[in-house]
Amino acid sequence: MIAEFGHYALVLALALALVEASVPMVGARKNDPVLMAVAGPAALAQFCFVAIAFAALTICYVRSDFSVLNVFENSHSAKPLVYKLSGLWGNHEGSMLLWVLILTLFGALVALFGGNLPARLKATVLAVQSSIAVAFILFILVTSNPFLRIAEPPFEGRDLNPILQDPGLAIHPPLLYLGYVGLSIAFSFAIAALIDGRIDAAWARWVRPWTLLAWMFLTLGIAMGSYWAYYTLGWGGWWFWDPVENASLMPWLAATALLHSALVMEKRDALKVWTILLAILAFSLSLIGTFLVRSGVLTSVHAFATDPTRGVFILLILVLFIGGSLALFALRAPLLKQGGLFAPVSREGALVLNNLFLVSACATVFIGTLYPLALEALTGEKISVGAPFFNATFAPLFVPLLIAVPFGPLLAWKRGDVLGVAQRLVGAAAIGVITVAVVFAMEGGGPILVPFAIGLALYVIAGALMEIVERTGLLKVPIATAFARAKGLPRSAWGAAFAHVGLGITLLGIIGETQWSLERIAELKPGQSISIRRYDLRFDGVTTRQGPNYRDLAAHFTVRRHGEFIGVLEPAKRSFPSRGTAITQTALMTRGVSQLYLSLGDPNPDGSLAVRLYYKALVLLIWLGAVVMVIGGALSLSDRRLRVGAPRPAQKKAALSPAE
Amino acid sequence: MSRKQRRFSLIGVALAVLALAVALVLNALKDSIVFFNSPTEVAEKNIKPGTRLRIGGLVKEGSVSRGDGLAVRFAVTDGKHTVPVAYQGVLPDLFREGQGVVAEGALDPSGTFRADSVLAKHDETYMPKDVAEALKKQGHWKDDYEKKLGAAPQGTAR
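Going down the list, the protein sequences come from chains U and C. Numbers 32 to 691, taken from the working numbering, label the letters of the first sequence in order. Numbers 51 to 208, taken from the working numbering, label the letters of the second sequence in order.
By construction, these hints were calculated from the structure, which means they are not laboratory data. Any given hint could be a false lead.
Have a look at the derived ranges for each label pair, beta carbon to beta carbon [unchecked claim]: (1) C:A66 with U:T340: 42 to 52 angstroms; (2) C:A66 with U:A426: 47 to 57 angstroms; (3) C:D118 with U:E474: 44 to 54 angstroms; (4) U:V350 with C:A66: 30 to 40 angstroms; (5) C:R116 with U:A426: 33 to 43 angstroms; (6) U:R94 with C:R102: 47 to 57 angstroms; (7) C:R146 with U:A408: 43 to 53 angstroms; (8) C:A66 with U:K368: 26 to 36 angstroms; (9) U:S53 with C:S59: 44 to 54 angstroms; (10) C:K95 with U:K368: 55 to 65 angstroms; (11) U:Y39 with C:E94: 52 to 62 angstroms; (12) U:G578 with C:R146: 18 to 28 angstroms; (13) U:I33 with C:G119: 49 to 59 angstroms; (14) U:R592 with C:R146: 31 to 41 angstroms.
Calculated lysine-lysine pairs in the DSS-like style (CA-CA distance at most 30 angstroms, straight line) [stated by the list, open to error]: (15) U:K413 with U:K518; (16) U:K413 with U:K368; (17) C:K95 with U:K413; (18) U:K556 with U:K298; (19) C:K130 with C:K110; (20) C:K54 with U:K445; (21) C:K98 with C:K130; (22) U:K518 with U:K507; (23) U:K413 with U:K298; (24) U:K413 with C:K110; (25) C:K54 with U:K368; (26) C:K95 with C:K80; (27) U:K445 with U:K298; (28) U:K445 with U:K518; (29) C:K110 with C:K95; (30) U:K413 with C:K80; (31) U:K413 with C:K130; (32) C:K54 with U:K298; (33) U:K413 with C:K98; (34) C:K95 with C:K54.
We put the beta carbon where it would ideally sit given N, CA and C, even for glycine.
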């Protein structure tokens, strides 16, 4: 009954979505307050029904109801509860349901907190948001129904893919989806602005925090996914330029650009058309990501199923929403009034430069991801575009961007003084240059790129801190005054500084890991040792352990540093009888921000064991930097100006002219 | 600076960044992409030793032999042709004889494929898409694979 109940709730949600997509839209055109008022309650009810459907499927999973096909295929009665719950989105149907749940959640949030929005804008936004929900609920019901029953229920399920039975599954997809789907709000606002043909102050004030929120989740989701891949795949890679990873990186780059351009729009009333376009692009890239992952055109860790009808359906959704929104943009964008003049050298100019580089970098990722697909479809030739391609395109575009990062916050709005800013950044640049020299000397030659990149990272960090130092007058005024000023600084200034520092930290981690990591591969018999840097690992032997739905063959290693005992590492081979599969459980030991990383190969008949041991230098900085970025986002989100009141309206100029 | 000049300077910068991006992409596409080949294509195409490529097929039954340390040799076949492969390192979790595999590396002058990375899937029934298509062409296709194709994640060994 529960499954049918959930199915029925989803159908009702579809009906509500249809109403919400049409009635308020008509109301907004006719200026009918009654019709427009339908949007709010409909959005809330729609979310409730999707939540009921989601809860129903969750109950089926918790009860291990194998008469439901989806549960049978992805669950097992002996599976720990956390994987029964998270196994729900460890498969295609369930993950689409999570997608829709989050989509309707955002719609409901706009309905709840959108009291201060103009009624017309609110109605149109909710209608657009709901039309996305129509498409995706229809997609679930037609091609990927998770509530299908099996006529003769089996006794036991087929279990979840072993590689997904990891705490990462409980966190990574929901975070990523909150980010992906959160961009739909910016999209809906952009479409609503185009339909209305005007943008007012409320628009930017709304879009920026929502984009910021989505961006924070996306950042966390990507970082989490990267860490998961790092410890689970057994060879310590944390980014593979896999098409599916690129599918999440592209919206992130677009959302980062959108954050910065929305800032210009909010403060200076400029870059309106560009911001609208970015909002459309960011969500379009999310949709393309969904298409890439869900349609099965790619074979990868994330491709749960290959079913051509699904691919065609998602492709249709893609064409409809991306094509439709871009066509609408082409038609209506010229109507939007431009404002906010600025000189090329100004904070606006710096943010435009930021956008240019981010969007270009995003475009290179896009080409690298889709070119192999296009080439195969056109010529049948199969190629793989891997890390070398992205290192040769993405990285060079990021270098000038990183050099420019500290300049942005220090430049004045409207007309900046680039020399003056350069003077103020002398300290940061000096730190960078000294680092280059020191690292170069330490490395004793080697590629010059490494010291340069490390210097660049420290320059970005120092530059971001310099802004705070400047604004609080630290070093110039007494500490107490500086402290008082620091407290008085707007949170958004702190947010920007944190986010930029985080960027530098991540860069530092990336360079450190790729350059200074060490690898040892060996075959060991019990009693033998392997050493890396100052660490000695002694292989004591293997033991077997029985888990709830798996068996571990664990190898026991004693770790000593300079002969002194510091801990044990227990990597394992974990085999799942229900699927006849084995996976490698790596063992990690954190040393500062670096890690020892140990994983196992297959045991040999003579009792020896192949092991891979890595010393991953500075690797934790990669994800720590992402966390610092997110803290920056949270600080910025808590800024007073986003919580209450209207921002100071930008000065109206007598002569308005296009900004770009 | 007049309004026109402002606009032109912005457009100029935008075009410069765009040109840089295009140049980088074209350059990278020339140098850093890797073609995928089946053993038959390797035999027929006369590929120069040293060219980076990927080969995919089944690990030939009885062909795996381990040498000193972690050296391993095996043969990749699509039924019609076979390519010997040499690899040094830990093989992925589900590397088995008779299973699908993709190796990346280059041919040496003797015709042995020196792999620096070997990919296999974490599922018994998995077959890489490229391999499946290559096998289909050679008529070595088992219907059984079709149903389960792509149902499993990928593990990589380098």
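Consistency of the hints with the structure:
no.: 1; hint: C:A66 with U:T340: 42 to 52 angstroms; in the structure: 45 angstroms, holds
no.: 2; hint: C:A66 with U:A426: 47 to 57 angstroms; in the structure: 18 angstroms, violated
no.: 3; hint: C:D118 with U:E474: 44 to 54 angstroms; in the structure: 33 angstroms, violated
no.: 4; hint: U:V350 with C:A66: 30 to 40 angstroms; in the structure: 33 angstroms, holds
no.: 5; hint: C:R116 with U:A426: 33 to 43 angstroms; in the structure: 38 angstroms, holds
no.: 6; hint: U:R94 with C:R102: 47 to 57 angstroms; in the structure: 52 angstroms, holds
no.: 7; hint: C:R146 with U:A408: 43 to 53 angstroms; in the structure: 32 angstroms, violated
no.: 8; hint: C:A66 with U:K368: 26 to 36 angstroms; in the structure: 29 angstroms, holds
no.: 9; hint: U:S53 with C:S59: 44 to 54 angstroms; in the structure: 46 angstroms, holds
no.: 10; hint: C:K95 with U:K368: 55 to 65 angstroms; in the structure: 60 angstroms, holds
no.: 11; hint: U:Y39 with C:E94: 52 to 62 angstroms; in the structure: 58 angstroms, holds
no.: 12; hint: U:G578 with C:R146: 18 to 28 angstroms; in the structure: 24 angstroms, holds
no.: 13; hint: U:I33 with C:G119: 49 to 59 angstroms; in the structure: 56 angstroms, holds
no.: 14; hint: U:R592 with C:R146: 31 to 41 angstroms; in the structure: 38 angstroms, holds
no.: 15; hint: U:K413 with U:K518; in the structure: 58 angstroms, violated
no.: 16; hint: U:K413 with U:K368; in the structure: 47 angstroms, violated
no.: 17; hint: C:K95 with U:K413; in the structure: 14 angstroms, holds
no.: 18; hint: U:K556 with U:K298; in the structure: 66 angstroms, violated
no.: 19; hint: C:K130 with C:K110; in the structure: 12 angstroms, holds
no.: 20; hint: C:K54 with U:K445; in the structure: 16 angstroms, holds
no.: 21; hint: C:K98 with C:K130; in the structure: 21 angstroms, holds
no.: 22; hint: U:K518 with U:K507; in the structure: 17 angstroms, holds
no.: 23; hint: U:K413 with U:K298; in the structure: 48 angstroms, violated
no.: 24; hint: U:K413 with C:K110; in the structure: 23 angstroms, holds
no.: 25; hint: C:K54 with U:K368; in the structure: 18 angstroms, holds
no.: 26; hint: C:K95 with C:K80; in the structure: 20 angstroms, holds
no.: 27; hint: U:K445 with U:K298; in the structure: 11 angstroms, holds
no.: 28; hint: U:K445 with U:K518; in the structure: 27 angstroms, holds
no.: 29; hint: C:K110 with C:K95; in the structure: 21 angstroms, holds
no.: 30; hint: U:K413 with C:K80; in the structure: 15 angstroms, holds
no.: 31; hint: U:K413 with C:K130; in the structure: 20 angstroms, holds
no.: 32; hint: C:K54 with U:K298; in the structure: 23 angstroms, holds
no.: 33; hint: U:K413 with C:K98; in the structure: 18 angstroms, holds
no.: 34; hint: C:K95 with C:K54; in the structure: 57 angstroms, violated
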